[in-house]
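Asks: Chains as they are written, first to last, in the working numbering: chain S, 1 to 399; chain W, 400 to 583.
Hints are computed from structural coordinates only; laboratory data are not their basis.
A hint or two may mislead.
In silico lysine to aspartate or glutamate, EDC-like type, Cα no more than 16 Å apart, as pairs [as the list claims (entries may be wrong)]:
| hint | chain 1 | residue 1 | chain 2 | residue 2 |
| --- | --- | --- | --- | --- |
| 1 | S | K151 | S | D182 |
| 2 | W | K561 | W | E452 |
| 3 | S | K122 | S | E153 |
| 4 | S | K99 | S | E4 |
| 5 | W | K561 | W | D463 |
| 6 | S | K131 | W | D424 |
| 7 | S | K131 | W | D555 |
| 8 | S | K123 | S | E156 |
| 9 | S | K130 | S | E156 |
| 10 | W | K492 | W | E452 |
| 11 | W | K528 | W | E452 |
| 12 | S | K151 | S | E126 |
| 13 | S | K130 | W | E518 |
| 14 | S | K104 | W | E432 |
| 15 | S | K99 | W | E432 |
| 16 | W | K495 | W | E518 |
| 17 | S | K131 | W | E487 |
| 18 | S | K104 | W | E501 |
| 19 | W | K447 | W | D463 |
| 20 | W | K492 | W | D463 |
| 21 | W | K561 | W | E487 |
| 22 | S | K130 | W | D555 |
| 23 | S | K123 | S | E153 |
| 24 | W | K477 | W | E570 |
| 25 | S | K99 | W | E501 |
| 26 | W | K528 | W | E487 |
| 27 | S | K57 | S | D20 |
What follows is a list of derived Cβ distance ranges for each label pair [what the hints assert, rightly or not]:
| hint | chain 1 | residue 1 | chain 2 | residue 2 | range |
| --- | --- | --- | --- | --- | --- |
| 28 | S | L96 | W | D549 | 24 to 32 Å |
| 29 | S | G82 | W | H502 | 43 to 51 Å |
| 30 | S | N103 | W | V475 | 23 to 31 Å |
| 31 | S | S359 | W | E432 | 54 to 62 Å |
| 32 | S | K99 | W | G553 | 22 to 30 Å |
| 33 | W | A443 | S | P45 | 25 to 33 Å |
| 34 | S | G70 | W | S552 | 18 to 26 Å |
| 35 | W | D424 | S | L3 | 45 to 53 Å |
| 36 | S | G82 | W | E501 | 49 to 57 Å |
Being a predicted model, the structure only gives us computed values, none of them experimental.
Beta carbons are placed, not taken as given, at the ideal position from N, Cα and C, and that holds for glycine.
Single-letter residue listing:
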Amino acid sequence: MVLEATMICIDNSEWMRNGDYTPSRFQAQADAVNLICGAKTQSNPENTVGILTMAGKGVRVLTTPTTDLGKLLACMHGLEMGGEMNIASAIQIAQLALKHRQNKNQRQRIIVFAGSPIKYDKKMLESIGKKLKKSSVSLDIVDFGEEDEGKPEKLEALLTAVNNNDSSHIVHIPPGPNALSDVLISTPVFTGDGEGGSGFVAAGPVAVSDFDFGVDPNIDPELALALRVSMEEERARQEAAAKRAAEEGSSQNKGDEQSSKSQDTTMADTTGATAATDAAEPMSEVDALLQQAIALSMQTPASDSAVRDTDMSEANNEDQDLAAALQMSMQEGEKDSSGQMDMSEVLEDQAFVSSVLASLPGVDPNDPSVKDLLASLHGKSESADQKKDEEKAPKDDEK
Amino acid sequence: MSSTATATAAPAASAIQRSQVDLVDFIDWSGVECLNQNSAHSIANALKQGYREDDGLNVESDADEQLLVYIPFLQVVKLHSLAVKGPEEEGPKTVKLYSNREHMGFSNVNDFPPSDTVEFSAENIQAGKPVVLKYVKFQNVRSVTIFIEDNQSGGDVTKVQKIAFFGTTVETTDMKGLKKIEDH
Chain S
1 MVLEATMICI DNSEWMRNGD YTPSRFQAQA DAVNLICGAK TQSNPENTVG
51 ILTMAGKGVR VLTTPTTDLG KLLACMHGLE MGGEMNIASA IQIAQLALKH
101 RQNKNQRQRI IVFAGSPIKY DKKMLESIGK KLKKSSVSLD IVDFGEEDEG
151 KPEKLEALLT AVNNNDSSHI VHIPPGPNAL SDVLISTPVF TGDGEGGSGF
201 VAAGPVAVSD FDFGVDPNID PELALALRVS MEEERARQEA AAKRAAEEGS
251 SQNKGDEQSS KSQDTTMADT TGATAATDAA EPMSEVDALL QQAIALSMQT
301 PASDSAVRDT DMSEANNEDQ DLAAALQMSM QEGEKDSSGQ MDMSEVLEDQ
351 AFVSSVLASL PGVDPNDPSV KDLLASLHGK SESADQKKDE EKAPKDDEK
Chain W
400 MSSTATATAA PAASAIQRSQ VDLVDFIDWS GVECLNQNSA HSIANALKQG
450 YREDDGLNVE SDADEQLLVY IPFLQVVKLH SLAVKGPEEE GPKTVKLYSN
500 REHMGFSNVN DFPPSDTVEF SAENIQAGKP VVLKYVKFQN VRSVTIFIED
550 NQSGGDVTKV QKIAFFGTTV ETTDMKGLKK IEDH
């Protein structure tokens, strides 16, 4: 989102007729330039971009830095190839164009597409680089096309002369099956200094896979925002739960009914002990609910403990209806002294719990850990069914 | 025309005279710019109160020995004198001042004559005593550009420990003090 004025230097020399990039070097370059114009103007509405050609009869400025994307795309039409690239003059003229930009608050950047051999020597390029650095102009170099001896070294030397705090970059793109623009998208030329390119709508054949959640924020901003917010909430809750589990685990060392059952002892130790302790103390109903739910989730060995803690605590903290429903089922189990009874009562409502879990905003039902949880809880309810039947009989007798 | 000032000149000895104040409080920090500075040693080390007092903190040049500092002021001021302090070897030698020129670059420093030029000798750059400027040229200053052309030893890096301006403010309307006239 940095406010920037950019000058793009296009190579329209004879070397660009070559077809080693599809459809031709020149066309590939033009596509890349179009994408860059779009990306820059999108990332900050006040960004300006200008274009100049380096070869032909001489260096020619097609547009001075402007915010108008239409004008930039239009001036890419009707360009002719010919002559030799004059990189030194081009960079100096680009620097001059940037110096006369209207908004002096913009940072200055030059992007050079170097597709043909460079006839200048290293020293000359280094002195140009030094001048750019003095005026705090950043430089991005796209080295493609003709692979000349010494060309990469010269360009690297130019880059080191200009580079100030990694604001300048160089990209070497050999000919290959991928389009020039596709390769460029993933480079710092597009993404700036670490800011994502995800705000940029892909104009070409680039897939939507660049975006965090498979949703283009431009097409559906609310959905993208909701997904991002829920992911962050999930993460925060996981961290909080992990911290809590770690604290409880370090302070607890008691065995109890839950842990004596045929469970994974290491996992049951922590929350099983907690559940027993909490059940014994007089607590608010919500807390008892919370602890029992956590113990329930902890008893299943397959899933990640943090996720389950999160799921259950989310269920209890956020959804009032769920809390009330679970509480009602709890009340049936509260009569029983054994903690195990409480567990089976909750398990009874497993179908309800799993359906509610699936509908929770932070829980993705396709998440493998959640699936494991549901499967194991279902398995639990089956084994608990027998015990439940036994207990139901005496209960019915009581009633 | 350039004026050379030495530490022995009488007016230079007491630059704080006739209620000249240190103008550091009137610098508009949001607009201060320095070209060709080393990012680890920025211009704030030489200008800001506290930083400039510390001789260990200085502004250094990066690609070569020249520095171009642009300082806008919050209001119109008159500049009386300038104090520059630097190490004996890498301290500035020739300093050119341009008043009220915005956004100069190294390419156009030579396009117009400076408002004043000061040549520092090794002793007075080390002492950092204020040097009187051509007061008549700096009566109505909104911004000043300092061009440090070379340093004492001629090396590649110029270091400056302190830059301070002394002068007076010009009576300007304080817009905050203006009260809206009530309609009756």
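Asks: Can you give the numbers of the hints that this structure goes against, from lowest to highest?
Replies: 1, 5, 6, 10, 13, 17, 19, 27, 29, 34, 35, 36
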